[in-house]
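There are 2 protein chains.
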Amino acid sequence: MQWDQRFAVRTAHMKRSTIREILKLTAQPDVISFAGGLPAPEFFPIQRVQQAVDVALSERGQAALQYSTTEGMPELREWIAARLSNEQITIHPDNVLITTGSQQGLDLIGRVLLDEGDRIIVENPTYLGMITAWRPYGLDYVPVPTDADGLLIDALEPLLERNPKLLYVVPSFQNPGGFTLSVERRERLVKLLAQYGVPLVEDNPYGELCYTGKPRPSIFGLDARNLGITTPDGHVIYVGTFSKVLSPGLRIGYVVASLPVIDKLVQAKQSADLHTSTLDQFITYEVARDGFLEQHVAHLCEVYRERRDVMLAAMAHYFPPGVTWSKPDGGLFLLVTAPPHVDTTLLLAEAVERKVAFVPGADFHVDGGGQNTFRLNFSNANPELIEAGIQRLGDLLKDAIVQPVH
Amino acid sequence: MQWDQRFAVRTAHMKRSTIREILKLTAQPDVISFAGGLPAPEFFPIQRVQQAVDVALSERGQAALQYSTTEGMPELREWIAARLSNEQITIHPDNVLITTGSQQGLDLIGRVLLDEGDRIIVENPTYLGMITAWRPYGLDYVPVPTDADGLLIDALEPLLERNPKLLYVVPSFQNPGGFTLSVERRERLVKLLAQYGVPLVEDNPYGELCYTGKPRPSIFGLDARNLGITTPDGHVIYVGTFSKVLSPGLRIGYVVASLPVIDKLVQAKQSADLHTSTLDQFITYEVARDGFLEQHVAHLCEVYRERRDVMLAAMAHYFPPGVTWSKPDGGLFLLVTAPPHVDTTLLLAEAVERKVAFVPGADFHVDGGGQNTFRLNFSNANPELIEAGIQRLGDLLKDAIVQPVH
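Protein chains in written order, with this note's numbering: chain U, 1 to 406; chain Z, 407 to 812.
Treat the hints as calculated values from the structure; they're not laboratory data. None of these values were measured; they are calculated from a predicted model. Where is the CB? At the ideal position from N, CA and C, for every residue including glycine. One should not assume that every hint holds.
To be clear about the criterion: a stretch of chain Z counts as covered by chain U if any three or more of its residues have a C-beta under 8 Å from a C-beta of chain U, and this derived list gives those stretches [claimed, not checked]:
id, segment
1, 510–524
2, 559–567
3, 658–671
4, 698–706
Covered by chain U, according to a simulated footprint, are these stretches of chain Z (three or more residues, beta-carbon under 8 Å) [unchecked claim]:
id, segment
5, 591–598
6, 743–752
7, 757–765
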């Protein structure tokens, strides 16, 4: 059968994500890859997960293996609601939907809110998984320039007059930029949301992985305070995940939003996969509920802080003049900027030959720029490998600056 | 924020599925519910799952909790490929995509193949989960009449001339009809697929749960044989699941198809949820791989056969004249037809008051009929409850026939 002639019109937009294709390229064991976005597997709490499974299967095995509600496990939704509630905002469990990873959260938000050709305001650079999730809608992305304190509010305001459907922001330890939206800008941002009546998707997978300073207040909570409400009925849809703080393999994410939004998302999720793995929800709840997760996150912050610091020090040592990089306060990523004539997409093939890998930055930049940038992940390699890999990259950059790759 | 004005145009199509709303209604413990499609939880192989988790976490814990490929766990794809290969067709693991339940298989097929307003040929009645999955596309459903041997091939042929995008069929122990497409009709069907060049989605969640006769040959394999090929490059996309033979809570389904189709589905799945739970795939593989699953399915067939037989005998005893029902050779469901003046949607409220529940048949019928039908599940209640529930339903039907509910 000639399937090519049978595919839906919208599949013309589809292409495999750059990141995942590169991950395949760099699977050889002698490549030091800073390309993925993988947590360090040596810190997965395997024993704690084993205990959680034992409890789930021995105490509630029949329920753990049965169909469950689309909304998600009530106890896990309660735990998330309590954890995200603070002085500014009180989350009710009904405001929480469990999703199959935060990628599904983005997918469902797209289904519920986006129409063909909608205008979306994003940070430049922005998160590639969002672009993948929302590719079917053929969106008109409007980039906002960013600096070390996140998106430039002064540049945002005129864009809000162009009738955007929504803003999409990764406010803390952004992927790929490594920057964090300052508290002062968050406060200006929520005022603009209210002024222009525009919704915002706050994608916050890394917020708890904070190595410098304290975790920043959520836009979600600041928006509620600005509106004088204490419920999540403002402008913000919040997307979270256990992937970076517990395990990505379990695929447990969540969306927190106003009830009408949750109601639509639940309907979309019924179509998508009925519900998220019951067992994985039980495991996540058992691991999280007794305070273990806080301890675990504190430990992750220690080891990831060390890796970030090793990478920053190695870059200062090995990278040639003319190369700059972000200094993230948390998260998993930083962005390197080479001189303008270095095309990092062309450079990648040479890098892989020299047994080191990164993600070229062009795909993250919706303004068509970023050809001379690349993203590095610092969570997945140990300090020795980081040092060795950054040395290889430094040599590569020195050669590329002198003699550009074509 | 006034979210109602912000939702995408397509969300106007969304509504919560009838089945799930009813499941909520019937959660009271004294209601005998034949409404759900739940496997019997008392037969979940909890100990075997526990062993599988122990192996997965102790031998490959880091991998089990890490991100994994969108296509799915290679060993599980190999196992599925080997299991579905037979004299007619050889499946390569690359032809297999692991999905988050078979619901996601349907969702992804919709994304990849369906455009707004496409014409789809379905059995009448048809599966509600498919209608939910494909609701965003505003499809033109063309129903084919069915009898005890499945869809009527003579009625199908003229419909194939109306340029349908695809056919959707649940060929064995259909939900909700309980009927099975005969081998003779399957053979005629694949000839028509070739003649008209039309794709078919074969949704086969129940095929192994066979209580009378032998499991029927897949349309997938017959289509290949008809085309003189031994690879899955014919007209059929096959959707399978471990939900009914192992555990629905693990959400492990799969799609088997030609490589160009799998390639597009993989891209759609990257957008949807990156990949299915790594741990749940490891568990499923460990449970399946050493022959345990075959023994387990044989056991399920014994206990479900008894429940089916108890329900059929009870219906013969308690149901009044003028009521008929299908006699399924397997699966989980049968369909009851009351006299034409009985509206089963109206009857449901009265049924729940009398502590028994079913799913009214109207939603399954895309021709606007079926108001006097309802679906019964016979897998989830034990024989004593089946007997008691059917007696309640019999009394209800006697009253409804004499004095219709308004």
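Chain U covers the segment 559–567 of chain Z, three or more CB atoms within 8 Å, holds or violated: With 0 residues in contact (Cβ-Cβ under 8 Å with chain U), the coverage given for the segment 559–567 of chain Z is violated.
Stated coverage of the segment 591–598 of chain Z by chain U [criterion: 3+ residues, CB within 8 Å]: violated (count 0)
Chain U over the segment 658–671 of chain Z, status - at least 3 residues with CB closer than 8 Å: holds (count 4)
Assertion that chain U covers the segment 743–752 of chain Z - criterion: three or more residues, beta-carbon distance below 8 Å: violated (count 0)
Proximity test - 8 Å, beta-carbon atoms, the segment 757–765 of chain Z to chain U, at least three hits: Contact hint for the segment 757–765 of chain Z vs chain U: violated, 0 residues under 8 Å.
Within 8 Å of chain U's CB atoms, at least three CB atoms from the segment 510–524 of chain Z: coverage verdict: As far as the segment 510–524 of chain Z goes, the hint holds, because 7 residues have Cβ atoms under 8 Å from chain U.
Stated coverage of the segment 698–706 of chain Z by chain U [criterion: 3+ residues, CB within 8 Å]: violated (count 0)
When each numbered hint is compared with the structure, violations occur for hints 2, 4, 5, 6 and 7.
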